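*Asks:* My request is simple: use the sequences and hints to build the entire structure.
Residue numbers for the sequence shown follow this note's numbering, so the first one is 3 and each next one is one higher.
Hint data in this document are derived by calculation from the structure and do not stem from the laboratory.
One or more hints might be untrue.
Unchecked claim - Label pairs and their calculated CB-CB ranges:
id : residue 1 : residue 2 : range
1  : D254      : L101      : 47 to 57 Å
2  : R42       : D241      : 44 to 54 Å
3  : H171      : K143      : 19 to 29 Å
4  : E313      : E17       : 20 to 30 Å
This one's a predicted model, so the numbers in the text were calculated from it and none came from an experiment.
Glycine residues also receive a C-beta, built at the ideal position from the N, C-alpha and C atoms.
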Amino acid sequence: MAVFAETVKWTADRELWQELLPAAERALAWCDGPHGDPDRNGYVQHGVRTSEMRNQGWKDSAMSLSYPDGTWVDLPAALVEVQAYVHMAKSGLADLYELDGDHARADRLRGQARELAQQFERDFWMPDERCYAQALDASRKQVAAVTSNAGHALWAGIAAPDRAREVVHRLMQPDMFTGWGIRTLSSGYPTYNPMSYHNGSVWPHDSALVAEGFARYGMREEASAIIEGLFEAGKRFPDARLPELFCGFQRDLRFSSRPADYLVACIPQAWAAGVVFLCLRTLLGLRPHLGDRRLVVDPALPAWLEHVTVEDMRVHDGRVSFRAQRTRKGVRVEGGGPRIVELGTDRESAPHAAAGT
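*Replies:* Structure below.
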């Protein structure tokens, strides 16, 4: 649902909106109904039926969700990132309903998203860790692990702004940030293993989502640090390709080191291949505005990146080309688009052309 809403915002594809809207509405009903929320506690859960795959988040290995003593979490469980995705989906679809003139549905979905966010803050926040818990177990007890999953809450926009800043600070601590990316699990948690699949490794797509989440809440310096780590890691793999994942050992800046291979990681892999595009979006601050066909460009280029040139990128029903150049005063953007390229107000700007469709 979230991807559907985002796709329509970028492409202005009304036919796609009409074609897939019934499926999106059924998916919403599933989330709120007895299959998605079996005990009606307001959260989408997994593990209701014992015949199902045990863990059904993106970290789907058997040991990726456990208590500190290593025992499996009692199911059904509500994962932190799944609730964030539901919030993202409802908020995104509400925007599209609004543009489509269905104000009642838009208001209803926004109300549900607000209610979910309030409940989420109450139940998932760990005051001692200054971070969101990985999950709630069958008894609604927190699975008190610090994981990269918490960063997905920022990417999806469910986090309260003051707590988002605390999550950024927490995930940039040495037990989470390796210098190459964000670990899937804190090195301080008893089940941590840097050579495991989901309990301490670094997944590039995961780190890229976390970086975009940081930038969403204005923490762009920290976002750039993650992206730089991924960029440096990518340069050290064959053909400059990021793998599916790599081991979560700390980067040693004293030597020309490289990330340790996870020996059976797929390379190339689709998630990892998409990292470069999300990282570019994060650095360029790209946001589509469907209502008036605008593309907001608000770049914050790090010291190691002098310029970025974008050519013939599809936005809404046209194409856009522009160049972001780092200068002594900030970042200068030149170019035009299918309607207009609007620059962030806190950046140095240059005149730009607004082309027709």
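*Asks:* Please go over all the hints and tell whether each is borne out by the structure.
*Replies:* Status of the hints after comparison with the structure:
1. D254 to L101: 47 to 57 Å: holds (51 Å)
2. R42 to D241: 44 to 54 Å: holds (50 Å)
3. H171 to K143: 19 to 29 Å: holds (25 Å)
4. E313 to E17: 20 to 30 Å: holds (27 Å)
Of the hints listed earlier, there is not a single one the structure fails to meet.
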